[in-house]
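Enquirer: These are the residues of each chain, in order.
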Amino acid sequence: MNKPLDMTSSAIVKRAFDAEAARADFPVLARTVYGKPMHFLDTAASAQKPQAVIDAVSEAYGGDYANIHRGVYYLSQKATEAYDAARAKIAAFLNARRPEELIFTRNATEAVNLVAYSYGRKFLKEGDEVVLSEMEHHANIVPWQMLREAVGVKLTVIPISDTGELDMDAYARALKGNVKFVAMTHMSNALGTVTPIAEIIRLAHGAGAKILVDGCQMVPHEKVDLQALDADFYVFSGHKLYGPTGIGVLYGKRALLDAMPPYQTGGDMIRTVTFAKTTFAEVPARFEAGTPHIAGAIGLGAAVDYLAQFDMGEIHAHEMAVAEYARSSLQSINRVRIYGEAATRGSLVSFGLEGAHPHDIGTILDREGIAVRGGHHCAQPVMEHFGISGTVRASFGLYNTKADADALIAGVHKVMEIFG
Amino acid sequence: MSDLRDLYQEIILDHGRTPRNFGPLDGANRNSEGHNPLCGDHIEVHATVDKDGRIQDVTFEGHGCAISTASASMMTDAVKGKTVAEAKELFEHFHDLVTKDDVLPEEDMDKLMVLAGVREFPMRVKCATLAWHTLNAALQNEDEPVSTE
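Protein chains in written order, with this note's numbering: chain U, 13 to 432; chain X, 69 to 217.
I should point out that these hints are in silico values taken from the structure, not numbers from a laboratory. Nothing here was measured: the structure is a model prediction, and the numbers come from that model. Just to be clear, a hint being listed does not mean it is correct.
Unchecked claim - No farther apart than 30 Å at their CA atoms in a straight line, the calculated lysine-lysine pairs in the DSSO-like style are these:
no. : chain 1 : residue 1 : chain 2 : residue 2
1   : U       : K426      : X       : K148
2   : U       : K166      : U       : K137
3   : X       : K148      : X       : K179
4   : U       : K166      : U       : K265
5   : X       : K156      : X       : K179
6   : X       : K168      : X       : K148
7   : U       : K426      : X       : K156
8   : X       : K168      : U       : K48
9   : U       : K235      : U       : K265
Make a model of the complete structure from these sequences and hints.
Expert: Here you go:
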């Protein structure tokens, strides 16, 4: 595990991406709701699972299940290998330098909390500034507020424009202060904005600050190269990446992780324990106290295998074509207002309809078989920016097609029919 | 579609668009705030209760979906002039109406019956009951904002 990864596997010829064919890999998509075909447009909240992931989780329990890193017996060895292999697969998928730079967490939320707690309490002090954006998910706001309460850091919020773009001038100005840390989204879950993260990282480093990137909405949709990005920390959740729930990833540069104290303590993360003194294991074990979500990690490895058979660029191009088609169709409806019109954006559309509340729209669409999210998307500051309580969000994954977008548009017309 | 038409009846859409008893209430002696964290909706209920325990006037403010706004609007119509005890009993009956399939509606339901369609939409019951929970808190003069969670 200490050798750099062999990257030659990425040279394997990819399967051409075909969304219609890929749909058959996701058993849930074949079902109906209320007697109608289902149009799942809530992948940004959680993605559906391909059969390969479901099988991998089943096999993790039904095939070689035992606790890992403990037993000397056959099953434990097999389970340990599968768990470690999952970490290596994910590291290769994201071009991390080493698998040990990836910590398995419960989800992205726990990954942010880990950094805010462990790195934050050790390396940040009263008066240090932590920079956030106005369009962060609550999970990348509240842990930093807790740190503010604990050690007295100052939070600086970079505003967004009315199109949903980060104010880069304000960011550059903020970095002239006593900024020691930046916590920034790679793609907004509420607006779809893709931030100029490479530039944001470069500027943070130029100011001597460390940076954590929330990649939850980016990793499932575009190729992310952790070494090229050079972020200090990068977090994402497994369930949005077509993997199981209960598993997420914290990537951290090895030198930083090595210097950080444990977040939780217990079994599997120690070297020696006596009642006088305990010494801690090396990363990643130091940050994975207790029995981890073994099957979840293996399932996430299978999700990455599933994606790696395709070129992420082809998946992205397909998703964007569908999302942009839905966006322009919605835009042509007079009473629709789109929230989030950044020049660089991902495959989701957040919108409102004059005279109808997002939850009423969501209920009516639901009865048409269309699953969308209505509400504030755990990004209430964004809603405040636009003076609204929520939006309807249609988000697109690799299995969505124009038929889903057409159903959405027909559904919106039905809403207008009911609301008159 | 029939379920949807049951939920979004014309009278509900009407109360949703043009709510009755909407706005602040001068001289209110019972006030409370309610939140639905699921959707971010927020409501305030104000009431004037006289020394005999009768609700002389009641209003609400805030914004929400058609169901929560219509329910709040119809609630204010329904409880105005009732005693606090009667209003609380009405709340119980209303709660049964929107959550239970197998109960016969109580006589005092009257116009509130149009909200019975909500019970086919379990995710929306909280929308219909937010105003009532908030009124209940106001009548108990609770200072803490109530939440549907």
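Enquirer: Run the distance test for K168/X versus K148/X: straight-line Cα separation, threshold 30 Å.
Expert: Given pair K168/X, K148/X holds - Cα atoms ~25 Å apart, limit 30 Å.
Enquirer: Between K148/X and K179/X, is the straight-line Cα distance small enough, at 30 Å or below?
Expert: holds (14 Å)
Enquirer: Quickly compare the C-alpha distance for K168/X and K48/U to 30 Å and report which way the hint goes.
Expert: holds (26 Å)
Enquirer: Is it true that the CA of K156/X sits at most 30 Å from the CA of K179/X?
Expert: Given pair K156/X, K179/X holds - Cα atoms ~17 Å apart, limit 30 Å.
Enquirer: Please verify whether K166/U and K137/U have alpha carbons no more than 30 Å apart.
Expert: holds (9 Å)
Enquirer: Against the 30 Å threshold, does the CA-CA distance of K166/U and K265/U hold or violate the hint?
Expert: holds (24 Å)
Enquirer: Check the hint pairing K426/U with K148/X against an upper bound of 30 Å on the C-alpha distance.
Expert: Violated, at roughly 36 Å.
Enquirer: For the pair supplied as a hint, K235/U and K265/U, is the alpha-carbon distance within the 30 Å limit?
Expert: Within the cut-off at roughly 19 Å; holds.
Enquirer: Does K156/X lie within 30 Å of K426/U when you go C-alpha to C-alpha?
Expert: violated (37 Å)
In terms of the numbered hints stated before, the structure departs from hints 1 and 7, listed from lowest to highest.
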